[in-house]
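Can you build the whole structure from these sequences, using the hints too?
Going down the list, the protein sequences come from chains A and B.
Under the numbering used here, think of the first position of the first sequence as 911, with each following residue one higher.
Under the numbering used here, think of the first position of the second sequence as 911, with each following residue one higher.
It is worth saying that the hints were derived from the structure and are not from the lab.
Note that the structure is predicted; figures quoted are calculated from it, not measured.
Please note that the accuracy of each hint is not assured.
Just so you know, same-sequence chains aren't split out, so a pair can sit in one copy or run between any two.
[Unchecked claim] With a Cα cut of at most 25 Å, we get these calculated PhoX-like pairs of lysine-lysine:
1) 1063 to 1195
2) 1063 to 1122
3) 1042 to 1195
4) 1191 to 1063
5) 1279 to 1195
6) 912 to 1063
7) 1063 to 1220
8) 1122 to 1037
9) 1118 to 1255
Protein chains: 2
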Amino acid sequence: MKAYTEMTKEELQTEFDQLQAEYRKFQAMQLSLNMARGKPCKEQLDLSMGMMDILNSSSDLCCEDGTDCRNYGVLDGIWECKVLMGAMMENDPENIIVYGNSSLNVMYDTVARAWSHGIMGNTPWCKLPEVKWLCPVPGYDRHFGITEYFGIKMIPVPMSPTGPDMDMVEKLVAEDESIKGIWCVPKYSNPQGYSYSDETVRRFARLKPAAKDFRIFWDNAYGVHHLYDDHQDNLIEILAECQRAGNPDMVYKFASTSKITFPGSGIAALATSANNLKDIKEQLKHQTIGHDKVNQLRHVRYFKNLDGIKAHMRKQADIIRPKFECVEDTFETELGGLGIGTWTKPNGGYFISFDSLPGCAREIVDKAKKAGVTLTGAGATWPYHRDPQDSNIRIAPTYPPLDDLKIAAKLFTVCVKMVSAEHLLQLDATKEK
Amino acid sequence: MKAYTEMTKEELQTEFDQLQAEYRKFQAMQLSLNMARGKPCKEQLDLSMGMMDILNSSSDLCCEDGTDCRNYGVLDGIWECKVLMGAMMENDPENIIVYGNSSLNVMYDTVARAWSHGIMGNTPWCKLPEVKWLCPVPGYDRHFGITEYFGIKMIPVPMSPTGPDMDMVEKLVAEDESIKGIWCVPKYSNPQGYSYSDETVRRFARLKPAAKDFRIFWDNAYGVHHLYDDHQDNLIEILAECQRAGNPDMVYKFASTSKITFPGSGIAALATSANNLKDIKEQLKHQTIGHDKVNQLRHVRYFKNLDGIKAHMRKQADIIRPKFECVEDTFETELGGLGIGTWTKPNGGYFISFDSLPGCAREIVDKAKKAGVTLTGAGATWPYHRDPQDSNIRIAPTYPPLDDLKIAAKLFTVCVKMVSAEHLLQLDATKEK
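Okay, structure coming up:
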């Protein structure tokens, strides 16, 4: 098919009319589908049901060191869970704190603590005239939500397939002492599914920030979330690289089992340097007596070790890989060569990122909504929900059943084509005036 | 036996020598016992093991409203858990947020949020020159730990068997806008086991604080923790009373199942007004996607309703009542009439409060430690660990086995007598000079 940009006004109009008819057929189907959030589907959750049997009333709920997991104590997590999470995160168990059910919560707390008390003796951020933050874009809306809530000024940094624009990152953090952090999803990034190149990781570890309390918030949310056996992204481990580069305290690394077992009923962890751990525990001891050790034990007994997690994630991949492929194939078939959109083809993670013609994203999402398919709000992938190009849309293929997803993906392409054709017709009309 | 204060110097010295010999016998036993923290004992934890069977791989983990507890979502807790916690807290489910595993964590977060963002549109506390707090004493060390961590100036308020000195509370909160809160354990208080009288609760609900963002932190930690069937303390419900008094937003009420099922693996909840709930959820939505719903469901399915909790708590009481009675009997037998100490006899909760002669508490705790019995540090029940009288010691009888407790309680009385005798001898010596 001809690219839309090469069509005459008449051809575009004909195309638009056909699309509108097709769109109305979708509307008549009265769909109610959701591709908005990175949620596992029912079959993925079913994979972990065995975890509900692993502890029962006959189980010994004591750790290897004799700690009774049913009682108070153990602020930073039971040892065997540090070992498990450490193996998953490629860090030593000594560098791990095991938390409760949500790594987002750990990130929030980490910002909140810096806000009220400061990092390692530095001025609490609440006492500073301004705090700024680097936000690779497009990025994760809930990251941006935390920094926005604290009134931290967010500066967008463009993403590329190898990671954030490191020239810009290096320059900004070196120049501006009020820049205190950067949000990173280094592996299978949200929403593009990009993984940082070795050079990017090396440059991160060698940043020379003006602020002593600048920290990289390294959200390794998709560390073991590969879609393929034969195409897997692997990164240089950031804590070790920071250590080698003489910047041992510059990074907080986060992970959780939310998209491994049950979101909301999993365990989260932080990996960081000994100095940072000491600083954090000083707060943590006032905040809680300890997190849910029975659930930590449940995860350890269920997975046993990293091999157990990997085997489990292969089953997860088998369920969601066809969904990613369905979306990618539908996009290729319906939009390939039309010049009205680009999309990513990640090797893992939870999202596909779609870029429409500038000025079309909001309307595409709106059109899909009106035909019963909910997408992540346009703009959500940018700080303050402001996508200056109005072009990025996050696609979350995991939750809907495959049959529904096929329909939703097709409808999405119809919306993209319809909005793009209309947009180009309007541009033509503007030119004629 | 004669009161120590009525003994001659010679009688006291003889007594002291005998006690020292007795103390050495205890030391020779090489004990290692712990009466420091309010921890349930193994038998109490065993009571809840049935909870480990209530969910298994065949269970339907969906709520009554169809929500799959295994997936993301439901910020403020599943409905049936709000009903259960509401019943336990004597509040409507509409007024409840169900949290994670720790009410201490919820209290910390509540202070932290007021610190960074302010309460209901008021100035964030971090922007104020000074924030003050009322602390009924003796009180709970971890409460004081939170306010101390935020640099909040703590003002001690004397406790009586009917609650805090309300004349003082009323006067201070009315006069001083920088007073933003008060820590309360209204039922079976920590450490005295006192319960607030109806008049005290009514006066709390009718406070006229100068600060609009003054809040009562009502930690109902021992709401269902009765020791006896026939002697139970019951309080006027504070949210309803605040509502009646025209102060609906003045209280945050906290509770958890930590000392009902498994500490660290239970669920916590907050009850408060609709306005406060709205204010809190605005923060909560940035902090987390939701707490552990599977664990919420586990608790609901296990207890079913308030009757289930009450039946369970009766079994708990059967285990720990003899421990309270053992300590009280030992104190009565060994210290009764000596005029060197007073102690409380609570109807519930987790502690007995002991007051020694002024200036003796630290040394008593130290002596007990040197004979292998760990007590809560002297001073811990006061803000900044500063007990001006050096007289209060918190006794936590639940954790040690009864046989150990008998020995520990007896040793404690030996330490009290020895330190008191020595103290009185020194006073005599000082007088002679």
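Going through the hints against the structure:
In this assembly of identical chains, residue 1063 and residue 1195 lie within 25 Å of each other by CA distance solely across copies; the values are 20 Å between and 30 Å within a copy. Taking the shortest alpha-carbon separations for residue 1063 and residue 1122, only the intra-copy value of 18 Å comes in at or below 25 Å, while the best inter-copy value is 29 Å. Taking the closest pair of Cα atoms, residue 1042 and residue 1195 come within 25 Å of each other only across two copies (22 Å); inside a single copy the shortest separation is 28 Å, beyond that limit. In this assembly of identical chains, the alpha carbons of residue 1191 and residue 1063 lie at most 25 Å apart only when taken from different copies (23 Å versus 28 Å within one copy).
Proximity of residue 1279 to residue 1195 under the C-alpha cut-off of 25 Å is restricted to the inter-copy arrangement: shortest distance 23 Å between copies versus 46 Å within a copy. For the identical chains of this complex, residue 912 and residue 1063 are neighbours neither inside a copy (44 Å) nor across copies (73 Å), given an alpha-carbon limit of 25 Å. Proximity of residue 1063 and residue 1220 under a CA criterion of 25 Å is satisfied in neither setting, with 39 Å inside one chain copy and 51 Å between copies. Both within a single protomer and between protomers do residue 1122 and residue 1037 lie at most 25 Å apart by alpha-carbon distance, with minima of 16 Å and 23 Å respectively.
Proximity of residue 1118 to residue 1255 under the C-alpha cut-off of 25 Å is found in neither arrangement, the shortest distances being 33 Å within a copy and 62 Å between copies.
Against the hints set out earlier in the document, violations occur for numbers 6, 7 and 9.
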